[in-house]
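> Construct the entire structure; sequences and hints are all you get.
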Amino acid sequence: MQEQPASQPPPQHQYTVQQGGPSIQFKTEPSDVPQPVTPAKKKRGRPSKQQVEEETPEEENDIVAAKKAKRTLNRFNGMSVEEVMAKTLPDVITYNLDILIIGINPGLLSAFKGHHYPNPGNHFWKCLFLSGLTEEQLNYMHDQNLPEKYSIGFTNMVERTTPGSKDLSSKEIREGGRQLLEKLQKYKPLIAAFNGKGIYEIFCKEIFGVKAKNLEFGLQPYKIPETETVCYLMPSSSPRCAQFPRAQDKVHFYMKLKELRDQMKGLLPGGEVVETQYSFDLQLAKEDAKRLSIKEEQVDPEYESCTGMQTELRQSS
1 MQEQPASQPP
11 PQHQYTVQQG
21 GPSIQFKTEP
31 SDVPQPVTPA
41 KKKRGRPSKQ
51 QVEEETPEEE
61 NDIVAAKKAK
71 RTLNRFNGMS
81 VEEVMAKTLP
91 DVITYNLDIL
101 IIGINPGLLS
111 AFKGHHYPNP
121 GNHFWKCLFL
131 SGLTEEQLNY
141 MHDQNLPEKY
151 SIGFTNMVER
161 TTPGSKDLSS
171 KEIREGGRQL
181 LEKLQKYKPL
191 IAAFNGKGIY
201 EIFCKEIFGV
211 KAKNLEFGLQ
221 PYKIPETETV
231 CYLMPSSSPR
241 CAQFPRAQDK
251 VHFYMKLKEL
261 RDQMKGLLPG
271 GEVVETQYSF
281 DLQLAKEDAK
291 RLSIKEEQVD
301 PEYESCTGMQ
311 TELRQSS
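Numbered according to full-length UniProt numbering, the sequence shown terminates at residue 317, and the numbering increases by one at each position without gaps.
In case anyone wonders, no lab produced these hints; they're calculated from the structure.
DSS-like cross-link-like pairs, simulated, lysine-lysine; straight-line CA separation at most 27 Å:
id	residue 1	residue 2
1	Lys149	Lys183
2	Lys113	Lys166
3	Lys87	Lys113
Just the calculated beta-carbon pair ranges, DEER-fashion:
id	residue 1	residue 2	range
4	Val81	Ser170	18 to 28 Å
5	Tyr222	Ser170	19 to 29 Å
6	Asn145	Thr88	14 to 24 Å
7	Lys211	Glu83	37 to 47 Å
8	Tyr222	Asn74	44 to 54 Å
9	Lys166	Lys205	16 to 26 Å
10	Asn139	Ile93	15 to 25 Å
11	Met141	Thr88	10 to 20 Å
Yeah, the Cβ is synthetic: ideal placement off N, Cα and C, and Gly gets one too.
Here's what the structure looks like:
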């Protein structure tokens, strides 16, 4: 049996070129030079789940902090939070107003804009119009015109600007209550309307020496000392008020505020004002809410839950 030759590696290709002289042979060898690699295009959009999982908690915190700082700068046209907090919000007030709206203290957006209730998600301006307290839909740019046109003004219990009411100390709030008393005694509005239950609880304890229990919205039993100014309590106009989260839930209280004003000025029959006439009636509030179709605007993160604010104020006091 004839033996087969051992297997040989395949011969390399050879090319012979003969041009009237000795033949020239070229051999093609595998190249050791690396070929250029086209880089893969980076995908746009959200990172993959695997990429997110590979990030450390420290990296995630840095990314979140950077995004938050960028949003803040964009929101305040390049101003830092500290610079905005250094700004103050002037009162819009004059003597013998029909209604003085009282808030807790200026938020960042209010101080930056220089106007009261500028948050597009805040229900104040919408409720003011729907209740008939103004004849047209206004916004924060009109706050300076309200004293002359509608006899409505604005002030706050504490003047200092903070990101939230929880940043106020109990000492500041108590001192703010005494300053508010002096302001009310000086300007003598017909009605001091407290925009939120928490601030009235502190004011009531500080000024009247009464720890308010089971507060009801509406006309309160105490007048401002040395004046005929009555106190009226309504839910916070913040969209994050847990008990009344929608504008249509709050319009009822603005309607009753208008009714109280008209009766005190003799524009409505009824004689002496009785506080029980203005206590919160849940059924009436629901009926008013059903009749009104109100578009809810975007909520600004500046505004806190009014329930959270009340808790903070109670703890601080």
